[in-house]
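Peer 1: Read off the chains here:
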Amino acid sequence: GAVVSQHPSWVICKSGTSVKIECRSLDFQATTMFWYRQFPKQSLMLMATSNEGSKATYEQGVEKDKFLINHASLTLSTLTVTSAHPEDSSFYICSAPDRRSSYEQYFGPGTRLTVT
Amino acid sequence: AQSVSQHNHHVILSEAASLELGCNYSYGGTVNLFWYVQYPGQHLQLLLKYFSGDPLVKGIKGFEAEFIKSKFSFNLRKPSVQWSDTAEYFCAVNARGDSWGKLQFGAGTQVVVTP
Numbered sequence: 001g002a003v004v005s006q007h008p009s010w011v012i013c014k015s016g017t018s019v020k021i022e023c024r025s026l027d028f029q030a031t032t033m034f035w036y037r038q039f040p041k042q043s044l045m046l047m048a049t050s051n052e053g054s055k056a057t058y059e060q061g062v063e064k065d066k067f068l069i070n071h072a073s074l075t076l077s078t079l080t081v082t083s084a085h086p087e088d089s090s091f092y093i094c095s096a097p098d099r100r101s102s103y104e105q106y107f108g109p110g111t112r113l114t115v116t
Numbered sequence: 117a118q119s120v121s122q123h124n125h126h127v128i129l130s131e132a133a134s135l136e137l138g139c140n141y142s143y144g145g146t147v148n149l150f151w152y153v154q155y156p157g158q159h160l161q162l163l164l165k166y167f168s169g170d171p172l173v174k175g176i177k178g179f180e181a182e183f184i185k186s187k188f189s190f191n192l193r194k195p196s197v198q199w200s201d202t203a204e205y206f207c208a209v210n211a212r213g214d215s216w217g218k219l220q221f222g223a224g225t226q227v228v229v230t231p
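If you read the protein sequences in the order shown, they are chains A and B.
Quick note: the first sequence uses this note's numbering, first residue 1, plus one each step.
Quick note: the second sequence uses this note's numbering, first residue 117, plus one each step.
Treat the hints as calculated values from the structure; they're not laboratory data.
Do not take every clue at face value.
[Stated by the list, open to error] Have a look at the derived ranges for each label pair, beta carbon to beta carbon:
1. Q226/B - T31/A: 16 to 26 Å
2. T230/B - G16/A: 38 to 48 Å
3. G138/B - Y103/A: 20 to 30 Å
4. H126/B - L26/A: 39 to 49 Å
5. P195/B - H85/A: 40 to 50 Å
6. I128/B - A72/A: 24 to 34 Å
[Claimed, not checked] Partial chain A-side listing against chain B, Cβ under 7 Å, derived:
7. F34
8. S43
9. L44
10. P97
11. D98
12. Y103
13. Q105
14. F107
15. P109
[Stated by the list, open to error] Pairs of lysine-lysine residues, derived as DSS-like cross-links and limited to a Cα-Cα distance of at most 27 Å, are as follows:
16. K66/A - K218/B
17. K185/B - K218/B
18. K41/A - K218/B
19. K218/B - K64/A
20. K66/A - K177/B
21. K41/A - K177/B
22. K165/B - K218/B
23. K20/A - K165/B
Bear in mind that the values here come from a model prediction, so they are computed numbers and not experimental data.
Ideal Cβ positions, reconstructed from N, Cα and C, are used throughout, including at glycine.
Could you put the whole structure together from the sequences, leaning on the hints where they help?
Peer 2: Put into structure tokens, the structure is as follows:
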């Protein structure tokens, strides 16, 4: 199946700094990617839809100025957590649909963010 | 409000036992339904999906699920589990009016299969 990678897999940052997380579709192109957040022992919550060449669509309650999304190419979407705070510590997962397999969603391995 | 609920958060069973995980959703319209699995240290993977047609859906690794529209349910089953089925299982829903790929997930069920 298709492969989606994320980088880094794990990051620790200090409060007030910004962190960028990359999501790449390695063997297919994705005009749309999705960013999820997962708290310990909880479900994945959709944060936003990343659209190649246009603005991201954010879910209700997600601060777009805090979670900046850029989908600059057909294989790369980035999520930047700006002015991070400890409550932003979480597991961030991206996914991308592959039209070759009827738009089945392929998920990245996730990025563990810890803000100290 | 739209929601997806999974009945069990943690299930422990022995090899060769049968497994059934419950999933109920609350949506006003037509939905696409999914079960995903996440093995320890790995990505989420699709087990099976239902869009339309036969409500009994067969997936990979011997899993199947049944869509019961009247009960808003999409329960996952496997007749005989193996130790390698130890994983976390997520039910997910895509409402037909939403953009494709926009999924709402249940809380997940951690399944532990003992030898």
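Peer 1: Take the hints in turn and mark each one as holding or not.
Peer 2: So, going through the hints one by one against the coordinates:
1. Separated by about 34 Å at the C-beta atoms, Q226/B and T31/A break the suggested range of 16 to 26 Å.
2. Checked against the hint of 38 to 48 Å, the C-beta distance between T230/B and G16/A comes to roughly 46 Å, which is consistent with it.
3. Taking the beta carbon of each, G138/B and Y103/A are about 27 Å apart, inside 20 to 30 Å as hinted.
4. The beta-carbon spacing between H126/B and L26/A, approximately 34 Å, falls outside the hinted interval of 39 to 49 Å.
5. Against the hinted window of 40 to 50 Å, the Cβ-Cβ separation of P195/B and H85/A comes to about 48 Å, which satisfies the hint.
6. Range check, I128/B to A72/A: Cβ separation about 46 Å, and the 24 to 34 Å hint is violated.
7. A cut of 7 Å between beta carbons decides the hint on F34/A: the least distance to chain B is about 6 Å, and the hint holds.
8. A hinted interface residue such as S43/A counts as satisfied when its beta carbon comes closer than 7 Å to some beta carbon of chain B; here the least separation is about 4 Å, so the hint holds.
9. A least Cβ separation of about 5 Å between L44/A and chain B falls short of the 7 Å threshold, and the interface hint therefore holds.
10. Interface restraint check: P97/A against chain B, minimum CB-CB distance 5 Å, threshold 7 Å, status holds.
11. Contact between D98/A and chain B, as hinted, is not supported at the beta carbon level, the nearest pair being about 10 Å apart and thus beyond 7 Å.
12. Checking Y103/A against chain B by beta carbon gives a least distance of about 6 Å; that is within 7 Å, so the hint holds.
13. Checking Q105/A against chain B: minimum C-beta separation of about 6 Å stays under 7 Å; hint holds.
14. Taken as an interface hint, F107/A checks out: its beta carbon lies about 4 Å from the nearest beta carbon of chain B, inside 7 Å.
15. Taking 7 Å as the C-beta contact cut-off toward chain B, the hint placing P109/A at the interface holds, the least distance being around 5 Å.
16. The hinted pair formed by K66/A and K218/B meets the criterion: a straight-line CA distance of about 21 Å does not exceed 27 Å.
17. Between K185/B and K218/B, the direct Cα distance comes to roughly 21 Å. Compliance with the 27 Å bound is thereby established for this hinted pair.
18. The suggested pairing of K41/A with K218/B holds, with an alpha-carbon distance near 21 Å, which does not exceed 27 Å.
19. Taking the CA atoms of K218/B and K64/A, the gap is near 18 Å; set against the 27 Å cutoff, the hint holds.
20. Between K66/A and K177/B the CA atoms are separated by roughly 41 Å; this puts the pair beyond 27 Å, and the hint is violated.
21. Simply put, K41/A and K177/B have alpha-carbon atoms about 25 Å apart, close enough for the 27 Å limit, and the pair holds.
22. A hinted pair counts as satisfied when its Cα atoms are at most 27 Å apart, and K165/B with K218/B qualifies at roughly 14 Å.
23. Annotation: proposed proximity of K20/A to K165/B is violated, straight-line Cα distance about 32 Å (limit 27 Å).
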